[in-house]
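*Asks:* Each chain, letter by letter, is given below.
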Amino acid sequence: MLLRLSRLSFNDDELPELCAKLREIRQLLSRVRKFKDLNVRPLYNVWDQTLEPPDVVEERYVKLSWLGQGSLRSGMVRVPWRGE
Amino acid sequence: MRPLQAHEVINEVLSGSMDLEDHVLQILERVKEKEDTIRAFIALAPESSIRARVREVREWLREGRRPRLAGLVVAVKDNISTSFLPTTAGSRILEGYVPPFDATVVRRLMEEGAIVIGKTNMDEFAMGSTTELSAYWPTRNPWDLERVPGGSSGGSAAALAYGGADLALGSDTGGSIRLPAAYTATVGLKPTYGLVSRYGLIPYANSLEQIGPMARSVRDLALLLDVISGHDPRDATTLRVPPTSTFIAKPADPRSLRVCAPPELLEASEPPVKAAITKLLGRLESEGAAVIYDRHLTTIDDALAVYYTIALAEAASNLARYDGKLYPFVRIAPTYTGTATETRSRGFGPEVKRRIIMGVTSLSEGYRDELYMAAAKGRRVIRDEVLAMSRNCLIAGSVSPVLPPRLGERITDPLKLYALDIYTVIANLSGVPSLTLPVDFYSDLPIGMQLMGPPLSEAQLISAGLLVESLTGLAGVAAP
Amino acid sequence: MSAEGLGYRIGLEIHVQLTEAGTKLFCDCKSNYRGMAPNTNVCPVCLGLPGALPVPRRRPLVLATAAALLMGCEMPTEMVFTRKHYFYPDMPKNYQITQYQGGGGAPICLGGRLRYYDPDLDVWRSVKVRRINVEEDPGRTEYEGSIQSSEYAYVDYNRSGVPLIEVVTEPDVEGPREARRLVEYLLLALDYMGATNPRLEGSFRVDANVSVEGGERVEVKNIGSTLDLERALRYEIFRQSKIISQGGKVRRETRGWDPVRKVTKPQRAKEYEEEYLYFPDPDIPTVPIKDLVAEARPLLLRTPERLMEAIVSYGVRQRRSWALVVTKPAAQLFLSSVRLGAEPRAASRLIAVDLKGLIKKFGKDPNDPSSWPGPETIARLTMLVASGEYTYDEIKYNVLPAIANDPMLDVKGVLPPKANNIDNVIDEVIMSEVKAVRDYLDGKAKALDYLVGRALRRMAGLAVDPKAVRTSLEERLARLTSGTQ
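Top line first, the protein sequences correspond to chains Y, R and B. Going by the working numbering, the first sequence opens with residue 31, and the numbers climb by one from there. Going by the working numbering, the second sequence opens with residue 197, and the numbers climb by one from there. Going by the working numbering, the third sequence opens with residue 49, and the numbers climb by one from there.
With the rest of the complex left out, here is chain Y:
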C-alpha cells in the first residue's frame, strides 16, 4: 500500500534490501513516539509566525517553454490516461 501511495515500484530482487533498510530507518524514527502524548503544541512553523495576506506579489505569467512539443496538443498538456 505504501508503494502504491508513493507511486513507486521495485523489482522483486530489490525488495528484501528495501524492506531491511526501511525497517532500520523506522526504528530510528520511532524514537519520536516519546513525544506523542506530551502536552505541548506541535511546532509546524519554527517561529509560530502568522501572515497578513497581500493583495498581489507580482508573480508573472510563464509559457510552458521547458516542455517538449510532444507533451502538448493545441496548448493543452498531454498526459497518458486510459481511465486511471
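If you are wondering where the hints come from, they were derived from the structure by calculation, not from laboratory data. Here a beta-carbon is modelled for each residue, glycine too, at the ideal position from N, C-alpha and C. A portion of the hints provided could be inaccurate.
As a list, the in silico DSSO-like pairs of lysine-lysine whose alpha-carbon atoms are at most 30 angstroms apart [claimed, not checked]:
hint: 1; chain 1: B; residue 1: LYS313; chain 2: B; residue 2: LYS376
hint: 2; chain 1: Y; residue 1: LYS51; chain 2: R; residue 2: LYS446
hint: 3; chain 1: B; residue 1: LYS310; chain 2: B; residue 2: LYS460
hint: 4; chain 1: B; residue 1: LYS132; chain 2: B; residue 2: LYS290
hint: 5; chain 1: B; residue 1: LYS409; chain 2: Y; residue 2: LYS93
hint: 6; chain 1: B; residue 1: LYS78; chain 2: B; residue 2: LYS269
hint: 7; chain 1: Y; residue 1: LYS51; chain 2: Y; residue 2: LYS66
hint: 8; chain 1: B; residue 1: LYS338; chain 2: B; residue 2: LYS412
hint: 9; chain 1: B; residue 1: LYS290; chain 2: B; residue 2: LYS269
hint: 10; chain 1: R; residue 1: LYS446; chain 2: Y; residue 2: LYS66
hint: 11; chain 1: B; residue 1: LYS132; chain 2: Y; residue 2: LYS66
hint: 12; chain 1: R; residue 1: LYS470; chain 2: R; residue 2: LYS446
hint: 13; chain 1: B; residue 1: LYS176; chain 2: B; residue 2: LYS290
hint: 14; chain 1: B; residue 1: LYS313; chain 2: B; residue 2: LYS338
hint: 15; chain 1: B; residue 1: LYS460; chain 2: B; residue 2: LYS494
hint: 16; chain 1: B; residue 1: LYS132; chain 2: Y; residue 2: LYS93
hint: 17; chain 1: Y; residue 1: LYS64; chain 2: R; residue 2: LYS475
hint: 18; chain 1: Y; residue 1: LYS51; chain 2: B; residue 2: LYS132
hint: 19; chain 1: B; residue 1: LYS132; chain 2: Y; residue 2: LYS64
If you want the ones that stay clear, here's a sample from chain Y, every Cβ over 10 angstroms from chain R, calculated [said to hold, decoys possible]:
hint: 20; residue: ASP43
hint: 21; residue: GLU89
hint: 22; residue: ARG90
hint: 23; residue: SER104
With chain Y held as given, fit chains R and B onto it using these hints.
*Replies:* Just chains R and B now, with coordinates in the frame of chain Y:
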C-alpha cells in the same frame, strides 16, 4: 594556496586596478584544470555567455554603478532555480528542466553584478551528506581525492576549495552547507530560518531549510549574505526584516564573548576533531573569552529522529509532483498511474525512494499521531531548549563527528549516513543561525567548528568568526 | 410496487469558485480564466513548479470570510492551509492546498447555519453547515471520447489555483426542491457579496450525499446546475427506494450525474480507501482571521435577505421582492426608482413581472444592467398610473414592449395619446363586422378575439387597454343578444 578573497577582488575591480575579465578568465582556467578530477559542477555556463555577462557588468561600471558583487564568480547549487541554466537538483527526474524563472537569491546576485559560472553537484534533492548520492557522479574533496567533500552542497564547497569560484550558494536542510564547509576548510552559514528567501529553491523539507552563503573567508561570506538576505514577498515564511549589513562587522572583542560548549556537541566526536575544537576554545579563553563547558543540551539524543521524521514527511509531499506530466523526464506507460509509477521508479535514486516511502508512512492515518505529529511536538521541546541556551551565549560544537569520510564509506548504510548530521540538525530544528569555519587540519584533512547564536544574530556570529579566523590564520585558504 | 414513502437524508457539498476575487488563491493569475487560450493563465506558483511558493492572496480570503460570516460560522482565530495528496493529471503538485479539520489544520468555518428563501412556499428555511474550506481548484481536463477509454488526458491549467470555497452541509436538507433552492440562494448571496458570478460556465459544482432509510449513503458527484441537482436527487431517491422496497441492498458508492440522459451512473469503485496524508503546508504560515473579518463585514450589507427586507418595507409582498432580488439589476432598478418617487407596488410589478418577461422574450439578458431602462423611466410610468392618467394595462401593452426593445427610449415619445372614444369605435366594429358578430352570437367564442383585434387596429397609435376593449365589446354584444330576444 591563497587565492585573492572575494572582497579583495571587488576592491581591485572597483578601484580599476584589476580588469574583471582577467579575473573571470583566470578562474575559468582553474576550473578547466581541476574539473576532470573534482567534478564539482553539473552544468557550466558556456564561455560565450560568461563573456557576454562580463561585458554587461563592465558596462555598468563604466556607467558609474558600483554593484557589490561586480565580476565575482559565483557557483550556485543545482537545486536553486536559474532561468539560464538547467536545474536538476542532482536528480534524473529533472533532467532537461530549465526553470522559467530565477530564484530570488539568483535575481539578487545578478542585480549586484555577479557572474554565475555554473550549477554545482549535490546529493539528489539534497538528500545525503556526502554528494555521493548525486544521480550524476560523486564529487571529490580537493584536499584528498579519495575522500568526499561532504554534502549535500558538496559541489559548491569543492568548487570554492579548489578556487573554481569566489563565492557559492548552498542550501542547508540538516547540515548540507556546514558539513561540506567543514570537510573542505571553507566557510558556510545556515542563516536564521526566514532570513533568506526560499523562492526558487527546489524543496526537500520546507520548514527546515534555508539557502545560505559559502565562501573561503568570513568576510567574503558576509559580503554574500548581505546581498541575498532580507524579506521576500514571494516567500511567506521570510521574516519582515531588511537585508543584513554584516560586511562591515568587526572582529568580536574576546573579553565580551561568551561561548557555551555543551559536551553533547563535542564528546562523541573522533579524537582529532574533538582535540582541534578544544584547542581552539582554549585559545579563545586565553584571549579573554568566557567558555562554559557544563551547560547541557539534553534533547540532542532525540534530535536526529525528530529531524528525519519531519524532513521525510515534507519530502514525500514535495516530491509527489514528479510524475512525468509537467517535466521533460518521463517513462510512458499506457495509463496515468502506470506512467507516474514508471517515471518515478526510474527517475529517483534508491535513497530518495526510501525517504519517500518513509515520509508517506509517517503521514499515513495509522502513523501520523505517533510519527509526524509526535515529531512536531518534539521539535518544540528541542527548539525551546536551544533558544534558551542561545540567549546566554554563542553555542560552539563539532560540525561532523568524523573527519571527511572516504568515498563509499558511509553510503551503504542509511543510518550511518544520517548519523553524520547529528550535530547540525539542531540549528535547522530550532531555526537559529549556524556558522561553520575551519579551525585546523589533521594530517591535511580539514576540521571545522560551528557557532550557533540566537535568531537573527548573523552579525554577531560573523564578528565571532572574524575573531576565530584571526587566531587560526585560515582565512582564504584553498586546496593546492 | 410502490417506491414512495421511505425516509431519506440529503447532505450537500457545494464548491463555488470565487470568480470575482481578481486573483487566484496563491498567485496573481486571474480568477476568471474564461475566454483565455489554454495554459496562458499560469505562473510558476499555480503550475506547482518546484521552488515556487504559494502566498495566500487577500481578496479571496476576505470573500471566503464573508461567506463564513453569512452563515454565522464559528471561526478559528487563525486559519491553516493543509496539503491533501492524491495523484491526478489535473493536479500540478499532486497535492491540493485546502483546509482540513484535524491533523493541525483549521478551516475558516467550523460550523454554522445557512438561511435560505423558498419561493415556492414563500417561507424561510435553514440548513446546518458543517464546515467551509477555502481551497485551490485543479486544472481542467478534456478527454477523447469517454473519460474511461480516452488514451490521453489533455489538461489546461488556467483553472489551477482558482479560489474555491467548499460548503458542506449536515444531512438535513428537507428534499430535492429545497436542495435546489438552498444552492440558488447561496449562489445569489455570493453574487451580491461580489464573490462569484454564478452565471459563468463551471463556476460551481455540487456533490450530493443521499441515503434512503434502510440503505447506505450514495454520493452523486459533479452536478453542474441547480436544476440538475433537483433532478439528480429525485432520481436517486427513486432509484434507491425502489431497490430497498424490492428487498435489495443499497451499498455505499459514488455515482456521477449524466445531465444528458438525466440519470445517475455508477463510477468505477476505488479498489482501496483513500489516504490523503494531510499535514499543514509548511510554506504557508497561519493566517489570523480578525482583520479579514473587519474587511468582510461591509459585504454582508448586501445579502439577498437584507435587500428583500428593504423591498418588503415599501409594502411589496415577499415573493414579489424575491422576484426582484433574483435578478440583480432588477433589484437595483427598483430601489433607485423608488428613491426617485416611483410608486413601489406598481414599480415592483412593472420590473419583476412584465418588463423582465419582455426582456427575456426579446432574447436579452436580464442580468445585464443595460437591458433595463433608467429609474426615471420607471418612476414616471408608475406616476402616470398613480395619477389615474393611464391604467396599468395601458402602460403594460403600449409602452413596455418598446422600452424592453430599446431601454434608452424616452417615455414621452412612446407614450401614445389616450383613446377616449372606445365606445364609438366598438359601435363601428359591430356595424361593419356583421359576420363575426353573428358567429359570436352563435356561440363561437373565438370570434370575439377577431373583433377585439379589429377594434385595436382602428385605434392604432393610441394608448389602448386591450382588456378594457374586450370587456366593453362583451358588454355591448350581451346587450345586443338580450335586445334581439
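*Asks:* Is the straight-line distance between the alpha-carbon of LYS313/B and that of LYS376/B 30 angstroms or less?
*Replies:* It is violated: about 36 angstroms lies between the C-alpha atoms, which goes past 30 angstroms.
*Asks:* Under the criterion that the straight-line Cα-Cα distance not exceed 30 angstroms, is the pair LYS132/B, LYS64/Y satisfied?
*Replies:* 27 angstroms, holds
*Asks:* Does LYS93/Y lie within 30 angstroms of LYS409/B when you go C-alpha to C-alpha?
*Replies:* Violated. LYS409/B to LYS93/Y sits at ~45 angstroms, over the 30 angstroms cutoff.
*Asks:* Is LYS51/Y within 30 angstroms of LYS446/R, Cα to Cα?
*Replies:* Violated: LYS51/Y and LYS446/R sit about 49 angstroms apart, past 30 angstroms.
*Asks:* LYS78/B and LYS269/B: Cα distance at most 30 angstroms?
*Replies:* Roughly 26 angstroms separates the two Cα atoms, so the pair holds.
*Asks:* Assess, step by step, whether the Cα of LYS470/R is no farther than 30 angstroms from the Cα of LYS446/R, and give holds or violated.
*Replies:* Given that 30 angstroms is the threshold and the Cα spacing comes to 28 angstroms, the pair holds.
*Asks:* Straight-line Cα separation of LYS338/B and LYS412/B no greater than 30 angstroms?
*Replies:* 43 angstroms, violated
*Asks:* Is the Cα-Cα distance between LYS310/B and LYS460/B 30 angstroms or less?
*Replies:* 50 angstroms, violated
*Asks:* In terms of Cβ atoms, is chain R entirely out of 10 angstroms range of ARG90/Y?
*Replies:* 8 angstroms, violated
*Asks:* Within 30 angstroms, alpha carbon to alpha carbon, are LYS132/B and LYS66/Y?
*Replies:* Since the Cα atoms of LYS132/B and LYS66/Y sit roughly 23 angstroms apart, the hinted pair holds (cutoff 30 angstroms).
*Asks:* Can the restraint linking LYS460/B and LYS494/B be considered satisfied, given a maximum Cα separation of 30 angstroms?
*Replies:* Distance of about 35 angstroms is beyond 30 angstroms: violated.
*Asks:* LYS51/Y and LYS66/Y were given as a pair; does the straight-line alpha-carbon distance stay at or below 30 angstroms?
*Replies:* 24 angstroms, holds
When held up to the earlier numbered hints, the structure conflicts with 1, 2, 3, 4, 5, 8, 10, 14, 15, 17, 21 and 22 and fits the remainder.
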